[in-house]
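A.B. asks: Starting from the given sequences, assemble the full structure and let the hints guide the process.
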Amino acid sequence: MSRDVSLGLGSLCPGMVLPRVQYGDAIDGRRPVTLSWLPADSAMGYTLYFTSVPENSEFVGERKFSGDATEFSAQLLAGDRYLVAMRAVSSYCDGPLSTTIELVAP
Amino acid sequence: MKPFAFLLLVFSLCWLQQAAAIVKPVEVNSQVPGWLARIYVSRGGDEDASMFCYGALIDKRWVLSSAGCFTDPYRLLRASRNSSGRQYSVRLGEENDRVRVVRRYQSPDAGMILYELASDVDNSPVVVSKKKADELEGEPVVIIGMDSSEPLGHSFYNPAGERSGSCEVNNERFYGAGVLCYIFTYPVRHNRLVKTEARIIDPSGPQRPDSALDDAVNIRTDGSRIYLRYANPDSYACIEDMGMPIVSVQQDGSVALVGMVNATGMAVGLPLCSASMAHWYTAVSHYRDFFVRAKAESRLRAVCPAQPRLQVVHEDNGNKQLHWEQDEAAESYRLYFAPVNGRTDIRQYEAGNVTLLSVELQADESYEVVLQGYNSNCTSPLSFPVFLGGADQ
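Respectively, the protein sequence lines represent chains Z and U. Using the numbering used here, the letters of the first sequence correspond one by one to residues 1 to 106. Using the numbering used here, the letters of the second sequence correspond one by one to residues 1 to 393.
A hint or two may mislead.
[To be verified] Not the full set, but computed from the structure, chain Z residues with beta-carbon under 10 angstroms of chain U:
#1 14
#2 53
#3 54
#4 84
#5 87
#6 92
Honestly, the hints are just simulated from the structure, not real lab data. Everything numeric in this text was worked out from a predicted model, so none of it was measured. Cβ atoms here follow ideal geometry from the backbone N, Cα and C, with glycine treated the same way.
C.D. replies: This is the structure we're talking about:
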């Protein structure tokens, strides 16, 4: 059996997003943070998942972005500690979850 | 020392020091705690799983173990060169069924491993001590593991499989491809609890281990390492003891996990067993933040189904059976399939929440198939494809 082909649908699924994090200078106890990423092939949008890192938290939040978004900025307060990850989404299938990134306030 | 003399010494040690879990334990046969974990690896089928490490259940679905086991002294991991093909599972307490591991987390300093189980277990986890390494000095501890009361159950196992030869230990003949004869108990059924007493000591004090090698392989000096002096001066840990929990016994009889046997008895890449070899014990409190972070990462990963692993588990002419593991985040599964030689015609099949599917193919049919798990929020990435062919394909 020929195995030199792969299902066409696979190419419609977005690849992994590789977000990068950049911190700004803290002002009045707030530290600006920016996540940026390169557009993923076939992505129609992006979802950012986040959870705070205390031991007994179960909450996971998410924020959705349109397909042309490539960055997101926020302000961290003193003591904030979050773990975030992203995935690209399309109409057929979503991409794999990115590696997780830890965001820590000063 | 001249190289030849050194090699002779190494091979002599290999020949004479047959391995047994913790040498000269103080107690055997007491009840196996339900949090004591034995970790297995397999390359595919469940039947070829081999135990390669100990660990401790520290939460309902988390098992802590040592990274030292991944030095792979018995070539169990190397046998599977593609690490993505390895499947891990954990046996807790007595001879219970093994629980599948869904993800493995390595601490940032590559010192400890956390295994996330596929589901919560009923066993009570052990409490993890908050005491730091220097706060533990002087504390009496017990190392807990399992040994075998059964004779070695086969006559051919030799971990140095690429070498040729055979050897005999305790009137039992071992064949391997190798001249290096080193017998260990991993493939054998472990059914006795073994306890060894020790005391955590100040490494800069008079009881500091005098082994030169102990310092030479002092991999962790960042506060994670503890030093032991065994109650029985003839006791020492062997390499198959890696991952064994080190506990302190509280006044009410309960135990707290204070450390773990992380790596022992390895020199120049060979598994050895001797009191003078390297012993690396770890204070688990050093990794409490790693536990918290790993659990947070697990929460993020649990939102959407992970990439499923689609397998053909049975083939009988045109009849095929497809199987995949249930992902807790997947409410349903969907198969996409296309003829191998006409793949513009992509079709889909809603499989619901089953994990086993029978397919009947005509003799001239052949398909490429991928699987996707999904919930109302998101989908998994597509599985790697499998190829199904009818009798003529």
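A.B. asks: Now look at each hint and say whether the structure bears it out.
C.D. replies: Hints, verified against the model:
| no. | hint | in the structure |
| --- | --- | --- |
| 1 | 14 | 9 angstroms, holds |
| 2 | 53 | 5 angstroms, holds |
| 3 | 54 | 8 angstroms, holds |
| 4 | 84 | 8 angstroms, holds |
| 5 | 87 | 7 angstroms, holds |
| 6 | 92 | 8 angstroms, holds |
Consistency note: the structure conflicts with none of the earlier hints.
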